[in-house]
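Q: Here's the letter readout for the chains.
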Amino acid sequence: MRSRLTMLFQVVAIFASAAAVAAESGVADHYGIPQVKFINEQISSGWTESGLQPSPAATEGEWCRRVHLDLIGRIPSAKELHQFLTDSSPTKRPDLVSRLLGDDYTDEYARHWTDVWTTVLIGRDVTNERVNRPGMRQYLRRTFSKNLQYDRFMEELVTAVGTNANRKNIDGFNGATNFLSGKMEEMGVENGVQATAKTAQIFLGLQVQCTQCHNHPFNKGKQNQFWELNAFFRQTRALRRFEESQDVQWVELVDEDFAGEGGNPEEAELYYELRNGLMKVAYPVFVDGTEVAKSGYLPAKMEDGTAYGVHRRKELAQLIKASPFFPKAIVNRMWGHFFGYGFTKPVDDLGEHNPPSHPELLDGLAERFREQSFDLKELARWLVLSKPYAVSSRSTAANVRDDPALGEKPKFTHFYLRQMQAEELYESLLTATEAGQAARGEEAAKKKDAWLAQFIIAFGTDEGDDATTFNGSIPQVLMMFNGEMVKEAVSTGKGGFLDKVAGSSMNNGAKIDTLYMAALARKPSSSELSMANRMVAARKGDVVGALQDVWWAVLNSNEFIIKH
Amino acid sequence: MARFIDVPDGMSRRHFMNHMAGAAALAAPATAFTNSILANATDMRKRHKAAILLWMGGGPSSMDIWDLKPGAPTGGPFKQISTSADGVAICEHMPLMAKQMHHMAIVRSMSTREADHMRGRYYMHTGYVPNPNVEHPSYGAVISHELADQVPNLEIPPFVSVGGGSVGPGFLGMTWAPFVVDSNGNVRNLDMGVDPARLAQRMEMLATIEKRFIGERRGASADDHAKVLDKTVKLMTSPQMDAFKVMKEPKDIQEKYGTSGFGRGCLMARRLVEAGVPFVEVDLGGWDNHANIFPTLQDQKLPMLDQAMSALVADLADRGMLDDTVVMWMGEFSRTPNINGGGGRDHWARSWSVVVGGGGFKRGVVVGETSSDGKEVVSEAYSSQDLMASVLKSLGISLETTFTAKNGRPMKIANSGKVIKELFA
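Respectively, the protein sequence lines represent chains Z and C.
Its first residue numbered 0, the first sequence is counted upward by one per residue in numbering that gives the first Met the number 0.
Its first residue numbered 0, the second sequence is counted upward by one per residue in numbering that gives the first Met the number 0.
Check each hint, because a few of them may be wrong.
Said to hold, decoys possible - To spell it out: a stretch of chain Z is covered by chain C in this simulated footprint if at least three of its residues, at any positions, have a beta carbon under 8 angstroms from a beta carbon of chain C; those stretches are: (1) 70–84; (2) 414–422; (3) 477–483; (4) 521–529.
Keep in mind that the hints were calculated from the coordinates and are not lab data.
Where a beta carbon is used, it is the ideal one built from N, C-alpha and C, also for glycine.
When you get a sec, could you build the whole thing from the sequences and use the hints?
A: Next up, the structure:
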């Protein structure tokens, strides 16, 4: 115990010199990774063209905090920060990234990306009975633990069959079914409208849902395009299953022959209504116009061995994989994750009406991602080792006008502030108070879900639209001020974080330094230190109480909750 | 320790203010902050304008509620009944509202183009179609921003959303974000758990960190954070929080509004408006009736709506508040005049109704008309921005007001909508 705190003290001592080294160590470097070089060149030429200068490099502590938050969903622990700041190797940054993407952090990496993708795939609304969140999470954890190729991931989600909940006595569990299980039916009408909309939005970056009812006034989307895409989901059914005499239910996603609404399974069609009331017919046609066989039969063989039928969802997955929008959509989403803004806003709208800020970079990264066998960890590595990821969030006179919040296209001259996601805050509080190790497994995930649920607002539509009040508004501040989680974090209970710091042999200044490093990855400024000392004095020697107040203030600060 | 917030106006509060007077506010100048919390809370009852939006999430079928088409093949099974307004008929399953229609006006000639939930929701709340480059402020943000000065002592948020999330403040900033509460008026995490002196010390420490970070020019969100902290402290210590406590209302009044969440929300809206809050949105979802629409409306949605909405209008009128309080009823769009195979109606924006009343609006009238099958507006058609302009006018807010979006672009209030002239005498 004592030696660890002494070590923390050393962190503080070497902090200033490490930061100085960083400024010179050439963050412009691409570490011999050609894709990083490509990003740096593209982004830099954007700066030149728009007459902007990038901000200086972020401090080592800031960069270390960023990369932990964005890759594994929490701030670095004091130990991890120390290890990084005391590393003098010129390859310390790629080394850290390799560590975070490597075996030591597999579980944490998987937990973070499970959080991210749970929200992408099924939203935050916990009330949809046709979705089994533990099942979804279980699938995603396994997927990200083994770094499944992204094309395989999409294929597994789009073509999933099986039961959505992992329960005893239920066969055929496949957590991937949860992507579609809650999107096949609306108010008793089983037509896969949501499945169509979300598949296009997430995997192709195309917003086709508006064209469900009408030709889109602003992009080229036509109503037939929606229903022709929808036709791919018409062999799929989400069947509700109930366990007798118990209130337990789950969904089984199955493929069945589609007889067609016209009654001819050889050419299984569906009908949709134009706004003038006319009915039109649709068969499966991909967004680029590629048609597949019109048969509603699943693949099978006749008695004489002749094959017939087509598996519409499998065909769809292949078409998505071959589409240029597929890698672009994920590159844009990942860029948005790491940089706060994608090349388009929103990140899942790549339609022609919404041109990207850096078209060549987007296309080039998409190609390289495909060449790299759709390896998500490699893509993440390129982004966090790039120069724009290493610049400070402090703007300068030479780039203050680069502010996408003002509606300008982002130029990434400085790191854009953004608030942690609720999940990231939760994990970061656990890390800062060294309570993280105790909280793992499905029980811990349920506790976290319950905590997250307080922020969710459902909109009362069939599409399960939701929003969060974890958005910098008053309820969030109240939670940070007075909520149980923060009360626990600032408790002075025996063996807790504050108790350990207070009970150590460090002097008061070093104790306060320790709190700052643990939460903000920096030392207190002189005015902060003197304010903290005044608080110790005001509490008449009650050091634990004063540390508690400082700790509360640090955890409630903008600097803690904002990624910077 | 006792909940500090429960102490209305006595020693603890003064005690706290004395402490806070020493602690600098985080964003506003310290004097402005302490002045406002030291101000006397009894001025609150003076007259002020306000608006209550009853938001029907999912898109309610207005042709089954406000603009019935009894003879039409797709008119549905509901009959119409006459109301307290001359010549105005509405759905038979709204009998209580029928007695209040002399206070209200139906606009039957809304015609919009957004038939996707999220786009429609945004458009009807802001008067603008979604735009990737700029986020527009919603009704609640615009109205609370424009009317903020009329109740200088307001310590609770000026924009409250009950039972739903409303739409955000856009470029007006997080200061004008909706304060979201459930229909029981429970506000989580209000209890400080430390004594006021200690909270004041903590705030001082926090102010030091906040100000340093803001001073480093990292962007507007650092500043916004501090502003919201200030508001939170104000709210935590305010006796005005009592307005959220619907259960303190006399039992007979509670019964009039009904025990549904929406009923309680409407009652809370009245209490909040009485306390000086300029904008309250109360949400009632479940109108996305793609299937089985008629039993759903008849047995569930309409009885709940009818009781709560009629109680709200009557209560406001009884208290003499209706002349200063606008009540609006709408969803993101309406539903198809055709009935689909599942006995439901799908999304429809081309011809539909909203209901407004109170404030400076003309009462007991119907504006506009749809064709006999409900599929077309056959009079002058009105848009979201027209409705917004009309609501603002009826609150006495100037339509010449221009905002400056964050990008420096001037934005005319209500997107330059034109006032619906038939709504004014």
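Q: Against this structure, judge whether each hint is valid.
A: The hints, checked one at a time:
1. 70–84: violated (count 0)
2. 414–422: Coverage by chain C holds here, the residue count being 4 at a Cβ distance below 8 angstroms.
3. 477–483: With 5 residues close enough to chain C, the hint holds.
4. 521–529: holds (count 3)
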